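Go by the hints and put chain F onto chain E.
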Amino acid sequence: GIQVEQSPPDLILQEGANSTLRCNFSDSVNNLQWFHQNPWGQLINLFYIPSGTKQNGRLSATTVATERYSLLYISSSQTTDSGVYFCAVTGSNYQLIWGAGTKLIIKP
Amino acid sequence: NAGVMQNPRHLVRRRGQEARLRCSPMKGHSHVYWYRQLPEEGLKFMVYLQKENIIDESGMPKERFSAEFPKEGPSILRIQQVVRGDSAAYFCASSPVGQGTDTQYFGPGTRLTVL
Numbered sequence: 176g177i178q179v180e181q182s183p184p185d186l187i188l189q190e191g192a193n194s195t196l197r198c199n200f201s202d203s204v205n206n207l208q209w210f211h212q213n214p215w216g217q218l219i220n221l222f223y224i225p226s227g228t229k230q231n232g233r234l235s236a237t238t239v240a241t242e243r244y245s246l247l248y249i250s251s252s253q254t255t256d257s258g259v260y261f262c263a264v265t266g267s268n269y270q271l272i273w274g275a276g277t278k279l280i281i282k283p
Numbered sequence: 863n864a865g866v867m868q869n870p871r872h873l874v875r876r877r878g879q880e881a882r883l884r885c886s887p888m889k890g891h892s893h894v895y896w897y898r899q900l901p902e903e904g905l906k907f908m909v910y911l912q913k914e915n916i917i918d919e920s921g922m923p924k925e926r927f928s929a930e931f932p933k934e935g936p937s938i939l940r941i942q943q944v945v946r947g948d949s950a951a952y953f954c955a956s957s958p959v960g961q962g963t964d965t966q967y968f969g970p971g972t973r974l975t976v977l
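From first to last, the protein sequence lines stand for chains E and F.
Start counting the first sequence at 176; every next residue gets the next number (our numbering).
Start counting the second sequence at 863; every next residue gets the next number (our numbering).
If we strip away everything but chain E, and leave its shape as in the complex, we get:
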């Protein structure tokens, strides 16, 4: 099955810094979603982005399907950005295959 690897596993930044999170996947995908799991455990949909680039406020994402990776950019980080960021993909079926996540800590 498809393998999903995220990097870095942990990231600690000062408030105001920018960050780039990476998601590599081992095969072609039909769907790629980025999620933020906040410190209370809730999953928040950030992007549905099987290809191309999208932006939403301080967050943007780019997926290069031919090279099998996606990047999530967070600019001007705020403490509320802390949590775990997950990348999840589907291949030939509907099962979302999840990476292990990037744990982001933003210090005030």
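Please keep in mind that the hints were generated in silico from the structure rather than gathered at the bench.
Nothing false has been slipped in among the hints.
Listed next, the stretches of chain E that the computed footprint assigns to chain F, with coverage defined by at least 3 CB atoms under 8 Å from CB atoms of chain F: (1) 205-215; (2) 219-233; (3) 267-278.
The list that follows gives simulated cross-link-like pairs (lysine-lysine, DSS-like), each with its CA atoms no further than 30 Å apart: (4) 906/F <-> 278/E; (5) 229/E <-> 889/F; (6) 278/E <-> 229/E; (7) 906/F <-> 229/E.
Between beta-carbon pairs, the in silico distance windows are: (8) 185/E <-> 918/F: 31 to 39 Å; (9) 934/F <-> 195/E: 44 to 52 Å; (10) 935/F <-> 282/E: 42 to 50 Å; (11) 189/E <-> 963/F: 33 to 41 Å; (12) 928/F <-> 230/E: 38 to 46 Å; (13) 892/F <-> 199/E: 32 to 40 Å; (14) 920/F <-> 180/E: 20 to 28 Å; (15) 178/E <-> 949/F: 25 to 33 Å; (16) 190/E <-> 880/F: 44 to 52 Å; (17) 933/F <-> 189/E: 49 to 57 Å.
Everything numeric in this text was worked out from a predicted model, so none of it was measured.
Every residue, glycine too, gets a C-beta built ideally from N, C-alpha and C.
Chain F alone, transformed into the frame defined by chain E:
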């Protein structure tokens, strides 16, 4: 436009008891997926259901676990005779069409603790 609803949000059970987790999909969605998240890990697929049908339960343990999505009412994930290893967060997602290109929308999860 309510999102995916799950209840209870927290559930504590003693070993050997039954746990029932409920999920109401988003309005207009007839496809429901259950995932389990162990501490410090990503989510793992368990089961995919449509109304009155189990489409794929390949990720569900063969014993003690069952799921249903009746014609009326929420989807239910049932765990019988719970053990400590069942302690986890259980997330439900829904989508409008059950295809790989669908966006899946997730509920807040049920955190099960087995004492």
